[in-house]
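> Residue-level listing of the chains:
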Amino acid sequence: MNEQRYQTIEQQISPKPPVAMNMLKAFLVGGVICAIGQAISYFYIIFFDFTEQTAGNPTVATIIFIAMLLTGFGLYRKLGQFAGAGSAVPVSGFGNAVISAAIESRTEGFVLGVGSNMFKLAGSVILFGVVSAFFVALIKLILVTIGVVSW
Amino acid sequence: MRGKLLIVCCCLLLVGCGNTNEKLTTFYATYDGEKEKGIEEMLDKQQDIEHANVIFIEDKLLVAMQVKPWKKYKKKSIEKKVEEELKKEYPNLQLIVSADFKLHWESAKLIEKNETKNLSEKIEDLRKLAKEET
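Going down the list, the protein sequences come from chains A and B.
FYI, in the numbering used here the residues of the first sequence are 7 to 157.
FYI, in the numbering used here the residues of the second sequence are 38 to 171.
Among chain B residues calculated to face chain A with C-beta under 8 angstroms, some are: (1) D137; (2) F138; (3) K139; (4) W142; (5) L166; (6) A167; (7) E169; (8) E170; (9) T171.
Quick caveat, the hints were computed from the structure, so don't treat them as lab data.
For glycine and all other residues, C-beta sits at the position ideal for the given N, C-alpha and C.
I would like the entire structure built from these sequences, with the hints used as guidance.
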């Protein structure tokens, strides 16, 4: 059996993924997670001394904390199976990636297990985030110095 | 199910369209008719503002605005524009112009209370809060 024939047979046999349905689920669940985030943000603004600008940090921390609890109780996995990218793209997905890796490797000890494996999945996200933020800030600094834009 | 969804959609649409609130809510602890009129006219002309709370006490003027949803990306430039226009007209006033939701919320509470006691200090606190970046 040559490669092309194998691919045609494989395409014929494998069930078609319900793309539209998956997108709808991801859209709805992702939207609900973001709406919860917005509600948490308003909670911090209304009941504490946070402005719209400063409420972002505690909101992110709270969502990651909730994602941590859900991951620990095994509920985030179910949500991920249902919603796919809808649960992975918001910051709760990032939290889930860190915490599930930490839980998975806890039998190997705290330093060599949890410590070294915790950022196996999410480490690249942090690295890319920091590096790209550095370059964006550098470009902006250059543009401001030249006088093209202002801070 | 479809019928219920339709009813919910209609209600949301009607609620969204039924916003006939006033554009400005004002509270003048220090009364100055001319300034009051000028400030109101100036803010009323702004196309980007959905609602604004105005508090005026002694030489302090607090304008806490809520910009229209699609203009939120330009919040800072709208703040700057309004502040510059007010500064040009009233150079002696201490201005606090913000499009932050926190300031709008707190100023609405101050207006609702309708008390001039400690108002100046509270506005000063809001100025500090607006400058906070961490």
